[in-house]
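Asker: For the protein sequence lines, the chains are A and B, in the order given. Here the UniProt record's numbering is used: position 217 in the first sequence is 217, and no number is missing along the way. Here the UniProt record's numbering is used: position 246 in the second sequence is 246, and no number is missing along the way.
Read the hints as simulated data drawn from the structure, not as lab findings. Any given hint might turn out to be false.
What the hints assert, rightly or not - Cβ pair distances, simulated, as ranges: (1) A/Arg86 / B/Phe156: 37 to 43 Å; (2) A/Ser127 / B/Glu258: 53 to 59 Å; (3) B/Arg77 / A/Gln82: 49 to 55 Å; (4) B/Lys89 / A/Ser101: 24 to 30 Å.
As the list claims (entries may be wrong) - Which residues of chain A face chain B? A partial, calculated answer using Cβ under 10 Å: (5) Lys65; (6) Thr69; (7) Val70; (8) Val89; (9) Arg100; (10) Asp150; (11) Gly151; (12) Gly154; (13) Gly156; (14) Met251; (15) Pro254; (16) Arg258; (17) Glu260.
What the hints assert, rightly or not - Derived DSS-like pairs: lysine-lysine, alpha-carbon spacing no greater than 27 Å straight-line: (18) B/Lys171 / A/Lys264; (19) A/Lys104 / A/Lys29; (20) B/Lys261 / B/Lys221; (21) B/Lys151 / A/Lys104; (22) A/Lys264 / B/Lys89; (23) A/Lys104 / B/Lys147; (24) A/Lys264 / A/Lys237; (25) A/Lys264 / A/Lys239; (26) B/Lys89 / A/Lys65; (27) B/Lys257 / A/Lys145; (28) B/Lys171 / A/Lys104; (29) B/Lys89 / A/Lys145; (30) A/Lys29 / A/Lys65; (31) B/Lys89 / A/Lys104; (32) A/Lys200 / A/Lys169; (33) B/Lys82 / A/Lys145; (34) B/Lys28 / B/Lys82; (35) B/Lys227 / A/Lys104.
Even glycine gets a Cβ: it sits at the ideal position worked out from N, Cα and C.
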Amino acid sequence: MTSIGTGYDLSNSVFSPDGRNFQVEYAVKAVENGGTAIGIRCKDGVVLALEKLVTSKLLKKDANKRIATVDRNIGVVYSGLQPDGRHFVSRARDEAASWRSTYKAPIPVSSLANRMGAYVQAYTLYSSVRPFGITGIVGGWDAEKEVDVDGAVGSGPKTGSGGKVQGAKEGGPYLYMIEPSGSYWGYYGAATGKGRQAAKSELEKMKLDPKAGDCVSLEEGVKEAARIIYLAHEDNKDKDFELEMTWVSAMSGPTQGRHEEVPKELREEAERLAKKALEGEDEEEEEEEEEKMEE
Amino acid sequence: MDHFPQAWGRPRDDIYGSYNPSYLPHNKGGYQAHPNGQPNTHTQSPIVTGTSVIAIKFKSGVVIAADNLASYGSLARFTDVKRLKPFNKKAVVGFGGDVSDMQYLDRLLSSLDVQENYRSGSSGHGDEEAENRAMMSAKNLHTYLSKVMYKRRTDFNPLWNALLVAGLDEKSTPFLAFADLLGTTYSSPTLATGFGAHLAQPIMRRAVPDEEASQNLEREKAVEVVKQCMKVLFYRDARSMNVYSMAVIDENGVDLKEDIKLEAESWAFAEGIKGYGTQTV
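Excised from the complex, chain A in its bound form (with noise of 0.2 Å):
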């Protein structure tokens, strides 16, 4: 790297004089080695799914798990360095928690990418403190409906207009990335980590625009989910890994507008398909050898 040793890769808040900030670039390495976590916005809702590799034999299976929850409705998923995520997890809490303490009803995922941006860029613009190792995938599901304030104990006035919108449409499901320069945008699907690029490439082979139709629906996204993080594993299997999924629907859906574990019998039928569909490409691979060979 031409930067090394010019002096301004060591401190935040300086600039170096082509306008980079080399710190926020070295916490994007440490992404870049961290487990692939992808999250995928299908027509009824979100699913997010991380490769956690297992860093030793004596961890607990199944235990430990890395995907958070924020407020009710919200999903987290990261890659990079692990305390730095579980300290961006524990901001996004408390934003959620503020946000109801201000607003009596749940935060917008929107907003919450919003102000987790704001925070996670803080964190390039002082010498005292380094950028965030990570790359926080932030996924939910808004409520369509009108819904109560908190504590609302009755249903208001039976006349008058009560400024409401007849028929207005609102919520849905959101998926949001945020970088540790603070960027962040909406996506339809977002991959980050070690195998991003695989991941992504057979993100943008998805149907996931909900506005050309034929969009995916959450349970063709848990399976493909899977199906991605075990592809994506592909170029690092001599590490083992757990698959960690979540999804959250719509209140009419199976999860109820809440952030959940994928049920465990819905997500080894997915690792099923997914281990079936590799081991399918790879009979296609050999078999083009062969007749490669055969020429």
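Assemble the complex: chain A is given as a structure, and chain B must be docked to it using the hints.
Answerer: What follows is chain B alone, placed relative to chain A:
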């Protein structure tokens, strides 16, 4: 040389006079008089209130009920106020007393529930039984609420409520307990707050005199007794109404109905009551 480190770096008393701490905030030792010349005060009386909450333990669960009225003094101000708040699959809280304090507690419980669910899934691995075991029980909730109530009364800033917590304890056996603005707690197979303690409790005790009787009580019978009590309460408590909420909590979860009308309401008996008001006997 001043040998007392507390004084180092401070303006010298012999030059500037001693510091007047009355300007400090109260919790830092300030004692400046309140603007209106009175000491600080907190709630002296409830404003908008809910009346009795009643509950009975039966064989496999608990029935709890409260009417949907919030009174402003003697004015029946709000008639669609839901005073039973389900916490989770195992617990319901019934609120009597100040409605705004009930709303505060409702929000407090909602944030508690959010925090409780941060680790949902991480303990059970999708195993429903394990999750159920890890879930906060009605007993846990009652302990928590009673400590909140006691803390507030100790601060001389009470939450003006009488609460019943109904549900299942950690062994999934029926649980019912009381907590109020003083931090007082007690438990019994039948409980009632407010006027209910005078008007409904004797009726419920007739059906369920002791713990053993409640263990033999069928759900239908418990619901029937509660319905009867709600009727008596409507007849004799002037701050009550004839639409109420009732919840049954058992191992199948919470069955909450919030718009039950009093059945077979009849004031015929009132004819026979003599000796009050403007009557000339």
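Asker: Hint by hint, work out which the structure violates, then give me just those numbers in ascending order.
Answerer: Going through the list in order, the structure violates hints 14, 15, 19, 28, 32, 34, 35 and respects the others.
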